[in-house]
Each structure stands twice: as C-alpha cells, then as structure tokens.
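J.: One-letter residues, chain by chain:
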Amino acid sequence: MRPFTYARAADLSSAIAEASADGTSLLAGGTELLNWMKEGIAAPTRVVDINALSELDYIELGATELRIGALARMSAVAAHPDVEREFPALRVALEKSASQQIRNMASMGGNLLQRTRCPYFRAEVELPCNKRVPGSGCAALGGEDRSLAVLAGSERCIATHPSDAAVALAMFDAVVRIHGPSGAREVPIRELYVLPGATPHVETVLAPGDVIVEIALPRSRMTSSSHYLKVRERASYEFALVSAAAGVESDGRIIRAAKIALGGVAPKPWRLMSAEANLVGVSLDDEAAMRRALARDFDAARPGRQNGFKIELAKRTAIRALQVAGGVA
Amino acid sequence: MESERTRREVRETAAEPTGVPRRVGAQAVGGGPADEPIESAVCLSINGERHTLIVDHRATLVDVLRERIGLTGTKKGCDRGECGACTVHIDGRRALSCLTLAVAVQGREVTTIEGLAKPGTLHPVQKAFIEHDAFQCGYCTSGQIMSAVACIAEGHARSEAEVAEYMSGNLCRCAAYPQIRAAVLAAAEEAGR
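Residue numbers (the working numbering), protein chains in the order written: chain A, 1 to 329; chain B, 1 to 193.
Everything labelled a hint here was simulated from the structure, so no lab data went into it.
Accuracy of the hints is not assured; some may be wrong.
According to the in silico footprint, chain B covers these stretches of chain A (three or more CB under 8 Å from chain B) [claimed, not checked]: (1) 30-38; (2) 196-205; (3) 211-224; (4) 250-257.
Per the computed footprint, the stretches of chain B lying under chain A, defined by three or more beta-carbons under 8 Å from a beta-carbon of chain A, are [unchecked claim]: (5) 92-105; (6) 126-137.
Note that CB positions come from ideal geometry on N, CA and C, so glycine has one too.
Only chain B is shown next, with the shape it has when bound in the complex:
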C-alpha cells in the first residue's frame, strides 16, 4: 500500500504543470509562508542542452529527466539512494538523481547515459559492457555504466578488488558482477588507467 501511495505521489509531483506557478495557502503547506510558490521555473543543462521548465520543488532529478524531459535511459530503482540505478554525472562527478532535487541542479551540468556518446555511437565503456556480456535484464545497466565511467576517470579501476569496492553503490540483482568487473577493468585498460 505504501509503495502505491509513493508511486502515485511521484506521478503527481512530476506531472506537467497546468500553467502559471500554483500558489498554495498556509493550510496546504502546514503553516508555511502563504504567498510563496511551491514550484519554480528552472533552466537545467542536460547533456549540453538547456531545458527551461517549471518544476515542483519536490521533484527529484530522476523524475524530471524521465517524466518531463523524456530521457528515460536513467532508471529509477529503489528511489532511496540504495541501488545506484539512477546514477548520473553532475558537474562531472557521479551522483544519485533520486536523492537530488531538480530545482537544486540549476546552474550545474548534468550528464545522463544518453549524453555519454554522440547519437549512433557507443562510449568505450558501453562497448565493453556488450563485449563482456555485463548484464542480463539491463535495468541497472545505465547506472552501472555511468558509475563505471566515473570510476575509471577517478583512477579507481586499477584492480578487480578496487573495482568491486568503488562500484559497490550499483546493485545488480541478476548478479552480473563478475562480467561487470571484467568490463570495467577492460575499459580502464583501454583508457590507459
């Protein structure tokens, strides 16, 4: 029941606004400032493209990416920062888009799986995941690849044990971990890390 409620709430908070920013009264926000908005116009920079939209302050980056901007490559798994499926890069560093408010990333550069390589081409880490069969169902894969690209760039892919440690924030319930580690190590070697 709880999860149904949460999903419904997510749909509401991510929904397209109907027009001008809604303003809510003191009662609706439990005694908060009566004349201040609960949504804001923001300009988000996603994969080098600017998107201007009005977001409910509650909307997380993962919901805005998927439901508003149409970039569904980023996946929503646990929605609690526990699984890593929603991993994106913010200002070049890997971060969890389910624990990030969309309104708070204004002025920062967000990269998603769609922005890793030019359309029609694959990033070397994407190629390595295919080469090493590093997935089964594929749900965690976008997050795994975003995390792996950062892991290699950080210099944390020098051994299998180090890859396991620095990729531990990305769960794979199909347990493709040996193949994922192999893919990350191979891509790191190719990148000269």
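Okay, chain A solo, but in the shape it has when bound:
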C-alpha cells in the first residue's frame, strides 16, 4: 500500500471539492477501497473519509418514493420495515450479499461502485486486464471464464458487475442522485453503468468530483410482489453465478406486468426488456410459455469456453424468481 494523506470531510461540498482532485479517493465503508489499496488496484495519495456526513445516512419512505441516503449501511436497509414491506427483492438481495460484518460496514452508495470480482482483475500477481491497466489485454478471454459475462461483453472485457443490490434496484427502476462540481443531477441506475466496449476501465457515467448522495426507488403497486433469487456455489457468503430480480403484477395467475433484471450475466444489471413485454398475459404456471417469452433477450448471448451454462441457468432463475414474486412458488 502506498502512503497517503487523510482527512475527514466536514460537509458535502468539501467532499466534492476533495474528490475532484486527481489521486483522491473517498472512504465510506472501506470494504472495497482497502482491498483495492492492498492489491495495488488503487493507489490514492489522499483518502477523504466521508463517514461523518450523517446527513447522507437515512432511509425515508415518501409519498412517491423510498429514499436511501448513500451512507445508509447495507444491514440497516435490509432490516428496515418499509423495505421489507414494499421492496422485498431489495431486502433479499442485501441479505444475500457478503456477510453481516461487511453489511454493517458497507454503504449503499459504495455498494453500487464496487468493482468486478473477475479473478484476473483481482489477481494478487498482476495479469493482463484492461480494467486494471488499460491496454494490457484481457486474460479472461481464452482463460477461465466460468464466472464471467455471456451478454454485452466486448473483445476487451467480459467482466460482470458483482452487486446484488444493483440488480434489484435496476428492476425497481431506481434513480441515483448525484452531487458534483457542476451541481446536482439524477441518473437512472440502468444508465449509471456503461458497457465495456473499447474502454473497460470506464465503468460508470460519474465524473471526477461526483458523489452519489441518494438512491430513490419509485413506489408502485408492483414492488411489494417482488423477489430476488441468487444462485451461487456456496449457500452463503459468495457472489452470484447468476441472479434474478423480478417484480410481478398479476390477475390471479396471469401476468399483467413484469420486470426482470439479471445479475452475473452481463457487465451491468441486465433488464430483460423483450421478456417483460412478452410475459403480459402469460400464466405464472406455464413455464413453457414463460421460457418462450424469455428467449429473445438471449439471442445476443455470446458464451465463452466455460460459462455457456449461464444462459440456461439464467432462464430458469428468472422463471423461478417470477413465480416466487407472483406468489405461486
């Protein structure tokens, strides 16, 4: 780890001013930043601790949306009764993330900005990785790709995004509120992340000095009928191979509206827009029809050497998540 100076931000505007400087990293929960610094993935010369900004630590249910402050901890959001009642998929996604120790530390804003668990990106001995060293190549292409993306990767990168919460938030059409040097703005979470293309090291639309201050989930009738299903190689404390967040509005067993986002298959939370349209009118009991409705979103899938199983697994996971969300499984 390289030496760094340390300061505590007294207010949001000083955090923004500090974060605009080259070589400065903000510290919230620290569960990602410390590992990046230990591995040499990040080497800030200055760390600015924002944990004293208590005005960013809240969970508030308003008339039209649930607002979560960027410094609310994952465990607090998971345990909040309004989240449990109105947005159960978010509660499940959070409870199935990491461990309780990490959930007590990690902030919601930081959760969105965690970086891929691709073994080449995280390698202790540096290996070719275009995210870590732009232009160094991608060792995953032609390497061990079992955990990596089958959708929307590029010839430079096939990393997936590891956040469970982001998948649920994408399904809920959450918006991310940002304060930066040029003022405040909001970005739908689905537009927060950018696909790797030729520049895999560019992962979000955030600019220097931008600070996530709030995540807002619009309230609707559908959100309480939602579920998050995480499939992984251990029962607990493991990242997803594939996950699905689903929300359903149904009339008996007939789907009237559905929203689905997948994790573990793409560089960002992946909404199944064709399926969402095709599922209207389909019975939650009719798995063959649901499977047909899901097919088109996978036309563009490009499996590698070891991750082809994710296509079938993702379909099954999505169907099961829809059924649980709709109350039939």
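Please arrange chain B on chain A, whose structure you already have, making use of the hints.
T.: Frame of chain A; chain B shown alone:
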C-alpha cells in the same frame, strides 16, 4: 513472493514511529500534497480504555490492535475481508478490523475479545464455545465469538439455519461448524433470544 512482500509491508506500516510525524515529499507519495503528513496522532477507545498514539494512515485496525496496543486476541487471517478472523465490534456492531483504517475509528468505541468480560471471567458465549467444544486449532475462535455475541444481540440466532446464515462471514478451516452452531444456539437460549 507476493505474500512475503505484503507481510513485510504490514510490519513497516504497523511499526512504532521513531518520533515526530514523518513528512514526505511529493515524489514519495507520487505527486500528493508535499507538506501533509502520512501519519496522524489519534486517540482510540479500545475496551473502554483510551490509547493515544501516532498511526501511519495505512495501518489497519487489526494491525494496530495487535502490533501497537498488544491486544493479540484479535487474529489476522486473510487480511482481505474474506475469513472473519479479525471481527471486532465498532460502536457495538460487528465489523472487520482488517478492512478498517485505524485512523478512521477515532471517536468510536472498539470492543475486542479481550473486552468481552472482566479479566479472569468468561462471557457466556465464551463458556458456550468451551462447553460445546466449538473449536480445534482456535485461530478463528476470537472472530467467531465476537461475531456470535453480535449475532445473538441482533436477534439472528433463532434457528440453526439462521445461525448458519448469519455466522457465514466467519470461516473455520477445522470445520467445527456443527459445534459452533450448537454453541451459538445454546448461548442465545441462555440469553433469552
């Protein structure tokens, strides 16, 4: 090789400072502010006792507890937030001391395994671990017990499955998991949770 380098670095970053805070030039910090220190005087509250010391900003809480304050009950396992051996309580909540900068816990109350019970006595969860033979080598045990005390206080010890889920951040490579779960459930029952 990599791990040797890391261990050496840890010794350096946790080492006793020689005197006044070192200041480093722009070159040494790769272009950072030339006149700002890379270490700070902090006052840490550990098990109700205050410790004033100068820490390198890089020093993690686990290293400062062990190497500077002499509280070696907290163990350093993976040093990457993956094993739970370094679990302590910060402001009453369980957290990983390997992913916590010591400089950042100023003003917060840290509890380690040494602070669970008065000297010469055992906390009920410690007694339950002995009673249920919930360890072999013992390396993960401090972290397991700190996590278990919090797990019970959170109300997450109501069934064996719930204990398994909420204790999953503490690995035991001797695989004493059945005994650990039994100890946590017994201690929870005794505590009326």
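J.: Each hint should be assessed against the structure and marked as holding or not.
T.: Against the structure, the hints come out as follows:
no.	hint	verdict
1	30-38	holds (count 6)
2	196-205	violated (count 0)
3	211-224	violated (count 0)
4	250-257	violated (count 0)
5	92-105	holds (count 10)
6	126-137	violated (count 0)
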